[in-house]
Structures are given as structure tokens and as C-alpha cells.
Amino acid sequence: MAVRDRFGLGWRAKLALGILSNLDRIDIVEVIADDYFRASHRERRALRTLAAQTPVTLHGVSLGMASSVPVDTKRLDQIARLCDEVEPVSWSEHLAFVRGGGIEIGHLAAPPRSAATVSGAIANLRRAREIVGVSPQMENVATLIDPPGSDRDEATWVSQIIRDSESDLLLDLHNLHANSVNFNFDPIDYISHIPPEQISAIHLAGGKWIGRPNARRLLDDHLHDVPGPVYQLLEDVGARATPPLTVILERDGNFPPVEWLLEQLDLARRAVARGRARRSAAAA
Amino acid sequence: MKDSRLETFLARIYVDQTARERFLADPRGEATKAGLTAQQVEDVVKIDRDGLELLAASLERKKHNRR
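One line per chain: the protein sequences are V and G, in this order. Position one of the first sequence corresponds to residue 0 (my numbering), numbered consecutively onward. Position one of the second sequence corresponds to residue 38 (my numbering), numbered consecutively onward.
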């Protein structure tokens, strides 16, 4: 049986009605796991109801997996309990560090790209698999700063972790696009470092330019539409990655009407379809 | 330990304005005082200052928006 690529939206309270009214145009919903760690019984019941209606994937944002410091077992237990309760089709986290020495950064920070964070991330992924029962898909993060203490490029660092941990990559194409323009590297070369069978999910988002004219950086803010280069990258991934892909459009604020987001999802469908056609033609 | 010390140092200068200002005024002195290795000191001395300021401002905005 052919395996089908899936396209969905990130669940946000302000999009809830729009998502629930359009489940015929949405294949999957991504829910921020951390929003439910301290949720009431009623909120968790609502999440179970959602998961009964449509496939759900859980997305963690606070584990800090790409660190030389071992991941907190209590936080992994929270994810494990939520996965048991919701039975998502997958769960994911970030190749980021989020705290150090008790200082919470409050964001997903790119760690030094070094042997220490490669081995730390692999150990943390092994621990996550033991406790949750399933490996998370791991997402590449956007960064405004080239992390000090790095001795390798991002493509090398990410591919080492993904290959050696045997985890899948959740490839955030806007994060990749932003880092490639901010730090001047080729995003296609980056994608070619990742085994095609280990790219299993995609994030799409938008951002804006910030900073002084001679020191501008593209900020991944999830407040703007998906830009054209990201759809082109999506087509290129569709031409390369082994099916199926799960593609999620993330929007965290400045919300347009849901129809506008669904149109962007349709653009994503068409981009992947073009890529799949290229893949089939190359295989013929 | 030496690697977690670098992560702690970065976390501090990303979120703590006073620590960041002290670091930018004397990068080598502050990094040495934090117990970083000689190589790590050299790495943070060469920090991308534009990126650091933009990241810090972005983190501050996120913190403000969560309030």
C-alpha cells in the first residue's frame, strides 16, 4: 500500500475553532506537549478527544536534548505519561539547549557544535527512547548567533547526531533557510548530509529581518507567512526524502484567517507533489 | 564538566544583561573567571557580538510577551 504524505497545522488556542472546522483539509495536528504537563483533567480530556478525531503529534520544547548535560528524567517522565495518555503518531523535540547551571534561557538555543554536544545528545536520545519507548524526531533550530565553542558546521553536527542516534530528523525548513542566509551556507548541501530515510517530518514557518542594515539577520518568529524559498526547499526535500513526510505549518501569533493558513498548506502539498514527481522521474 | 561550564556561561550572557555587559567589557577576564578552558576562552573572546545582541534582545522580547 502506498504511504501518504501528511499535512497539518500546529495547534494553538486561537486556531482551535478554525482547525476543528476544517479537519477534512488537515491530516494531522501538532500539539505542544509542554502545554499539557500541568493541564487540568478537562484540558487533557479535550486533548484525548482531539487525538480520537485526527492524528496528533506531540512536540516538546523544554527538554534541552542537545547538551553535554544529561536530560532531566522527571521531564522525560512527563512526556512518557502524556504519550501513554494521548497515543500520538509521533513525538518530537529540538537539537537545542535551553538551560545551563540552573539558568533558564527561555528559548531554544543552539549549543556549541562539538564532540561533547554530539555525544551528549546521543546519550540523551538513548535515555528518551528508554523512558518514552519511542525515539523523538529531532528538530534543527534557528539561531541568531554562531554558537561559540563550535568546531564543525551545522550540517555535519546535525547529521552526526541523527545518524549515530538512529533518530529521525524533523527538518524545520524556515530554521534552515534563516541559518543559511544568516551564516552563508548552502541549504541544499545541508539536506544532502542527512540520510533520506531519516527525514520524516517538516516544519514550515515565516520570519522577519532584524538588526542594523550591515548586520541584518533573519529571525524565525512564526508570525509571518512562509516565504518562497522555503517552498522551494520543501520541493527539494520531497524529491529526496523517503515517503511519508509529515509537514506541519507553525504559526504562533499575528494570526490570519484560518483559510489563509489552509492555502499555505495547499501550497505545501503542491511543493511536495512536485518533489515527489521529480523523485519518481529520477527513479524511472 | 568543562563543557557544561561553557553552556552555563553562554546561558548567563544570553539572558543576564549585567553579566553580558561585564563580558563585553572584558571578554577574556570574565571567561577566565568563569573557569572556562583556554580553548573555550579563545572561542568566546571571538564571539559574534552582533548575534549576541540580537539574540539577547529577542530573548528579552519573548520574556516580555510571556508576562
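Since the hints were derived computationally from the structure, they do not count as laboratory data. From a predicted model like this one, the values you see are computed outputs, not experimental measurements. You may find that some hints are simply not true.
As the list claims (entries may be wrong) - To spell it out: a stretch of chain V is covered by chain G in this simulated footprint if at least three of its residues, at any positions, have a beta carbon under 8 Å from a beta carbon of chain G; those stretches are:
hint : region
1    : 40 to 51
2    : 63 to 70
3    : 207 to 221
4    : 253 to 259
Stated by the list, open to error - Far from chain V, some chain G residues (derived; all Cβ distances over 12 Å):
hint : residue
5    : R59
6    : A62
7    : D63
8    : G66
9    : T69
10   : K99
Glycine included, each C-beta is placed from N, C-alpha and C at the ideal position.
Worksheet entry | Numbers of unmet hints, in rising order | 1, 4, 10
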